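**Student:** Protein sequences appear in the order of chains V and H.
Counted from 1, the first sequence has number 37 at position 37 by our numbering; the numbering is strictly sequential.
Position in the second sequence (first residue = 1) + 1000 = our numbering.
Just so you know, not all the hints are guaranteed correct.
As the list claims (entries may be wrong) - The calculated lysine-lysine pairs, modelled on DSSO-like cross-linking and capped at a C-alpha distance of 30 Å, are:
#1 H:K1097 with V:K171
#2 H:K1218 with H:K1143
#3 V:K64 with H:K1142
#4 V:K65 with H:K1140
#5 V:K48 with V:K36
These are computed hints drawn from the structure, not numbers from a lab.
As the structure is a computational prediction, the values presented were derived from the model and not from experiment.
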Amino acid sequence: MSVVKNDSKSSQWYLPGILTGLGITAKHLVKNLFNKKEMITINYPEQKHEYSPRFKGNHILTVKKDGSLRCTACMLCATNCPAECITIHASEHPDASVEKFPISYEIDMLRCVFCGFCEEACPVDAIRLGPEWQTPGVNGANFNYDIKHLAYRANLKGGIQSVVDDVERHKSGI
Amino acid sequence: MSEIITENKTEKKMLNCKINGVALFVKEGSTIIQAMYENQQKIAHYCWHPGLSIAGVCRLCMVEVTGNPRLQIACNTQVIEGMDINNTSAKVIEATKWGLDFHLINHPLDCPVCDQAGECGLQDQYMEFGQYNSEMAEPKTKKHKVVDLGPTVVLDSERCILCSRCVRFTDEVSKTNELGIFNRGDHAEIGTHAGKKLDNKYSLNTVDICPVGALTSKDFRFRQRAWYLKDAETICNGCSTGCSTKVYFNKEGLFRVKPKHNAAVNGYWMCDEGRNTYKFVNKESRLLKSYQFKNNSWGFESMAGAATRNLINIFKTAKADEMALVLTGQQTVEEYEAIVSFFADHLKSKNIFHWNNNESTVNDFDGLLIRGDKNPNTKGLLQVLSKHQISTKWTDLENQLASGKIKNLVVVGPENISVYNDLELKLNLFSKAEHLIYLSSASLPQWENIKTLKYVTVIPLKTYIEKSGTFINYAGLAQKFNKVTTVVSEALTVSEFAQLAKGEELKIEYVVSENLMTSEHQRADQVVLEHRKKNEFVFNRGQF
């Protein structure tokens, strides 16, 4: 970046510039007063902005049709995570066709940089970054989100279903 | 083991041959794959293993021999004089590629849940030769998953490529014949004979030699992904055989032990018992701090070094015949030398005793690797003791403790306490001493059961993983090993204990910053380039 200096005579007249600026402010003030619907600013936190569903916000662990966790504990998200904020402990599943599942899955939200690499690494669409973007908390709040929060928090209404289904994959011969 | 046998045979004629344009000098009778393996040439293979017989079933080790219109398998073709072999031509690569596709026809591709992922033969060869979409349109054959083969091994027949390495292992090495291949065609699968379990003392070797994730170890299953672990070479301290091993570890501790090829000792194998020797190294079973038992209660927690310094006065003032030292066969030769010379030369005490936990089984041998002497360094201890002309009997110690002649007793306790069945009995005996100084790497819950304790100081020791040294095995072979990693940093080695007890300061090695990057100053657990290459995915992230 370079600095461009304007040393011309006209630039020494500052008053017209200031008046132009004030004019713009006044124009918007009047416009917003009489046309509140098209106002850009919102009254946060009473009003909240709706981001697109593709926004990379808080993580969601998806579930299978029966409501159990889709994650297979392959650790690819934890491996791919640049902030190293994902901790998974795997265990043997009683169902042989499932074989491996996470008994604990924790994301340290204060470390997370919301890059979405975990989502990209996941082979079974088990983790997604959802549109939720507000994560406030007072002193001592727990930002180590566990399975209960990541998959079954109240606003997910019983869990988001994964698009990768093992039963259907097996039926199609994979 | 087979390698030892071939070496013992009479001198063989050497043959000239050319592999991939490199002129080689090869022993007569060796196969092409052996010649390539010994000369560090790369060749894809699944069924061939240097320690097993030739099966020739995977058809992956294809080579082109000049003068022969068809490709040959390298594992079952012997080298003849003037042979010109290559495995890098387009024809060979094409053959390997489609051979691999046949292996993958019914492979379930469940790498995400497979323990072998990261060290899998199929993944390696696919990255090398494959990278195509499968030509198969038919659905995959379903087979049994998570089959409980025995107390140590789990089978997944879908992942199996029927290389028959495990079957040949149970036939030829362990000679227990539990495994076999059942059914025909694409329904063929590995299994055990009716009513039998894969239950022998070497069963986990089948997991090591399985090139895919068909056989997995119950102990290691799902505990870590392979790429999170670093490996380092060491010597097994499970028994007096002293197999060369590799331990796999990360900052959370140690996770598994695998054999490393050593023709002079263990060949390619190791026993299942030796694979448990990582467990007593991990923090959960370790003594972390020094404690004192005084006035009928355990208390006064302190650091190991400080606790040893507090003992200096005792060593200075006590009479030589009031002191005694008890040693087990679990420490290194260097440590024995340090502590025995401290007692014999510095304190002028000849009361040094050998705690032998398995006198009756010392010479037991199962014919392959396992020996009855469960200490890695009994020979080393005996050598050091005879060097200092110490010949004492265990009954002397018992008598002297009973009569109250020995006031201060130093015991260097065992690391692997699971093989010390007489531990509680011996602790009861030691507790007769007025002041018992017990050096141990393991935390002992047995102290609770001993009612006759008077005054005890326990001091944490380092295990064989955390120090460099030498073990002398049953045959008198001295094997040096290096420190792998540190688990309990505040623990002492026996040499350090002897040094502190003398009143000397510990020499702490430090490195000038200019020398920091040179190879001789590298930390034992430093990630070196080799590991980086192996874990390319982790370390190169962000560069693509």
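**Student:** All hints, please: hold or fail.
**Tutor:** Results for each hint:
1. H:K1097 with V:K171: This hinted pair holds, its Cα atoms lying about 28 Å apart.
2. H:K1218 with H:K1143: Satisfied, since the Cα-Cα distance of roughly 20 Å is no more than 30 Å.
3. V:K64 with H:K1142: 22 Å, holds
4. V:K65 with H:K1140: Roughly 24 Å separates the two Cα atoms, so the pair holds.
5. V:K48 with V:K36: This hinted pair holds, its Cα atoms lying about 16 Å apart.
Hint check: no violations occur; every hint is consistent with the structure.
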